[in-house]
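> Read off the chains here:
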Amino acid sequence: MASSHTISVLVDNEPGILARVVGLFTGRGYNIESLTVAETNAAEKLSRITIVTTGTPMVIEQIKAQLDRLVPVHKVHDLTLEGAHIERELALVKVRSSGERRVEALRLADVFRAKVIDAKTDSFVFEVTGTTEKVDSFIGLMSALGLVDIGRTGIVAMTRGGEAL
Amino acid sequence: MKPEESATTGADLLVKALIDEEVEVVFGYPGGAVLPIYDSLFKQNRLRHVLVRHEQAAVHAAEGYARSTGKVGVVLVTSGPGATNAVTGLTDALMDSIPIVCLTGQVPTHLIGNDAFQEADTTGITRPCTKHNYLVKAVADLPRTVHEAFYVARSGRPGPVVIDLPKDVLMNKHDYEAPQKPIEHKSYKPVTKPDRRLLEEAVEIMAKAKRPIFYTGGGVINSGPKASRLLAQFVHMTGFPITNTLMGLGAFPASDPQFVGMLGMHGTYEANLAMYNCDVLIDIGARFDDRITGKLAEFSPNSKKIHIDIDPSSINKNVRVDLPIVGDARRALKGLIDIWQKRMPRTDQKALDAWWKQIGEWRGRNCLAYKQDGETIKPQYALERLYHHIKDRDHYITTEVGQHQMWAAQFLKFEQPNRWMTSGGLGTMGYGFPAALGVQIAHPDALVIDVAGEASIMMNIQELSTAAQYRLPVKIFILNNQYMGMVRQWQELLHGGRYSESYSEALPDFVKLADAFGATGLRCTDPAKLDETIQQMIAIKGPVIVDVAVDKAENCFPMIPSGAAHYDMLLGPADRAARAVSEEGMVLV
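From first to last, the protein sequence lines are chains F and D. Per numbering that gives the first Met the number 0, residue 0 is the first one in the first sequence, and the count goes up by one each step. Per numbering that gives the first Met the number 0, residue 0 is the first one in the second sequence, and the count goes up by one each step.
By construction, these hints were calculated from the structure, which means they are not laboratory data. Keep in mind that the hints are not guaranteed to be accurate.
So, partial list: chain F residues that the calculated Cβ filter (under 7 Å) puts toward chain D [what the hints assert, rightly or not]:
#1 G22
#2 G26
#3 G28
#4 Q65
These numbers come from a predicted model, not from an experiment. All residues carry an ideal CB built from backbone N, CA and C; glycine is no exception.
So that you can see chain D by itself, here it is in the shape it has in the complex:
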């Protein structure tokens, strides 16, 4: 046998490498440059391929898969438009630290730079929107590159990695080499073990706290389910209150009395005021995003700040902290618990009681209150009823972006990590539905619901075809107010009620649309029929669109207008006339 006969093609090597990385499913869309890979996929049955209808959706589906399982999501797209369509998804994954490996086709190496058909400078375009990217120029480098890419995607602060694969590299032959484990990178060595002395210092600061608060984010979720268990254990040991960011919901049980709700622009009154008034702030895996801090100069002005993060560049970026600790959330929490148990510090119980009393008073404002009266459904009511019917079932929630997303964060309760998939950093409309498909692929028997708005859902509506093809019983729960609700809300509050282009004109009939794709469509306009509709949705085995007609004028409160401080919160419609947004605030998004 001649050597070239015994050797395998680059495409076969790629598939082998993916199997070695324990990949089970690839979300993709074929095209000329990746035909050799599709040929290799055809010849095997270990890897499952899920055909999406748009490459952006492939990345979001992989994100949903990754976020709900803790594994790396894998995407396969062709060169040129395949790669450029994936860019939004890649940026989304970068902002929210989701581990993705995205394989992109490329024109053969000898044509690179010639403006060949379906050629794009993929590594150039994706450089700023990936954690790292590779252009594989020789088949011999391919397996090693794949293994390195998975290592980079999943280790340290996770993120998306692109591997650009010229067609000739996929067709050339080479022998397979199994990955060397453990994989080590010559320059990329993230610090995951926190410095013990700093953790001891943190415990010292915490023990003296009079008005402490935990502020935790997506980093705890990314650190694995064990990190969330340790977080709950540590928070219970200390007796301190805790707030979560949008990305961090589920890391601490929402029903726990120590949980004061989400913080930030649409966070609870009690969470934001606790942040403003605290004297010790313990940040674990959250990055002081502008949606959290509001006006920087007045962000938690009198607190000692401890920041635990795996990414040193997240520390002291927006807010200067007193005690920075670089490390993985799980390891840090383990260390903190250990130190706390050994020292059994005597906390200032009198001060803590007073702090809880104060928090209780803020809670008493009942900032999420709304009135369900009359004949129109309030969006908050729709979500409360939805939660009532799903809470005892094995369920996962994804969202699109806008008012419905914030209401979902406020009114659905997350008791466990990895159950809540939302586009936090990038705010990508069209994220939720394909993400839900990815979640459903990973959890075939679970109830997966995309809480959507009628505008967002239109951005990746073509994926109904994917849902139909794979019989994915995803439920799309549309809060239909016939507006891009958050745009309308800002126009009402900040732009004199001039609703420029925010009306959802010429909407489809969602019931018929569902029918056209072989799904089931339901519509609900009557508050009295809401429960029945939700029960019906849950009972139907296949994909369902529920079109819930909700109050068109409802705004999402509480709201910290951009550029305002935490204490400067709008609690409801009556609040809005009292304050004008500053000019500085107007320029902020």
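Here chain F stands alone, though its shape is the one from the complex:
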């Protein structure tokens, strides 16, 4: 019954807005699987928050209604319900290894179209972008090749086609 939904929330970029949104989720016992936030319209001081959450259809409906009720929230969109959309995540992956394992890490990074953004003689930092599944599988492969550290952005998402939300 419970399924994952990606929800896009357009909010006023004002102090406390993230606390309001996160507090709503913790206070009412909803899950947050991933959350990203950044200002997207500096002129109008708007930020976009992308939240991935899970719940039954009734809970998801409730989450959206509760978000929409917050005073600084402009729009709430359930991308999962509203049709085709794309989701991307960015990860920085640090790998420390030498010899054949170092070469293999570099080769796999090439397959995943990950970029080397820092290199030392015994380490790389890769930047990989893609769906959550792609990032997961890249990290899975790297764990056998000297994985040291991971930083992930969480999901950002957008509808397909020319229409704005």
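Here the structure of chain F is known, so what remains is to put chain D in place on it, guided by the hints.
Frame of chain F, contents of chain D only:
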């Protein structure tokens, strides 16, 4: 003249903004951070300030004022403890959708985050217990913020709004700008106009109903007295039965034959069974609270449900409904009446007659019956006598929380909206007395009675001092059973009669206590003297405490034990042995 001389301080701007919002009275308590505001109040005579004795009481008083007038209640407290003391009141107002603007002092902006004296993260603490809150960081933003706060508090589903005011913002100077009307908010735009097609669909469903019932709540009261008049008109047009929630009492006249009483945990047998057996349920401004639904899986299982609510998040939260309609109750009722009059639907009169006959049989159980015999006063009897003496007077009732509250809801009859002030959602002991003070401030000549228990009244008893200072002739009618009665009742029914900490030990002498505060104290222990005592209470011009010694063991029935279904009702003491509460029910509150 230099510009800074012509300009006004933030505190003066605040007072001007409040006057522009047509505020007449502010309930508050001074302190260091709000001294500039108190200085501004001192210099004017448009705004009246009522000094309470505890900040929680300031919010409850403002709630009483708001609920009995339909206006926004205004609170003014200092930073730190002033703000934290207000939190219970704010949460209460949030749960019961009462419009409040609460002004809190804050340490100067440069000290915020430094653990300064009387500093608290007020916006952080009040975020989950307000509809919205603001921290004003510049004096230029202050008037606009105040006007926006009033707009947010009163529009859509009403609620409490906090404005946190650092002391330097209150002292800095700026020119006043009058509010732009109508105020519009860039993101907050509540839907108040219901979709006409959905209302037509609702009428269609209602016209075919065989066993319909109206279930209406606080939303109708919040929508204004006109909504209640329209509700009565529509209910009469349809001929359907109607039940009210605790918060909705008074929206429909209790003496009307179509009224089947309050529903829910301590609602009437007929109301709850009608909810269980109905085939069409028309909810207007009620939110399917757990005190109403009982066991969710068995809540009104065979009905088509229509839910009209101004708050979309109240729809499909607990109970899935068939026809959700977002909008203001008054506008929805106006639309429904209009459609009904145009269509003049032919309802199934035969089925409706049978339904009323069935309801009549349930009514015949006389579920609120009690026996007043012997020498002790039954609490129900005390309330029936109270109602007898006040019913023809202009009166307002507030309550504390517990057994006395439920008996008041059952035995006092509410004919008009805005006359019944009680803490429904949060269940705040200590609400009733300060709320009564707020009601009395708004209605100086009315008879305002706080129906209390001896335990609840102790929670804000210090307000006797406020009542004395402003000569507020509030009557406190204590049903004194020397127990936290509802706690005792649950311990008796659910915890094997182990009365853990529920005995009201070391109670004060309420007559002497009243005397100490310059009020009048009366005591009644004899059923034969009850009428005389109540008449005396009404005749006394000042504040009165009436200490009525009632039966200590009396329980509040009917009762749907937690986790049970509507048909699974305890009707009286004889019922209790028959059923054990399920383990699922035990964990519920």
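> Work down the list of hints and note, for each, if the structure agrees.
We went through each hint and held it up to the structure:
1. For the restraint placing G22/F at the interface with chain D, the shortest Cβ-Cβ distance is roughly 6 Å, inside the 7 Å limit, so the hint holds.
2. This hint holds: G26/F has a C-beta 5 Å from the nearest C-beta of chain D, less than the 7 Å allowed.
3. Because the beta carbon of G28/F sits about 13 Å from the nearest beta carbon in chain D, more than 7 Å, this interface hint is broken.
4. Taking 7 Å as the C-beta cut-off, the interface hint given for Q65/F holds, the closest approach to chain D being about 5 Å.
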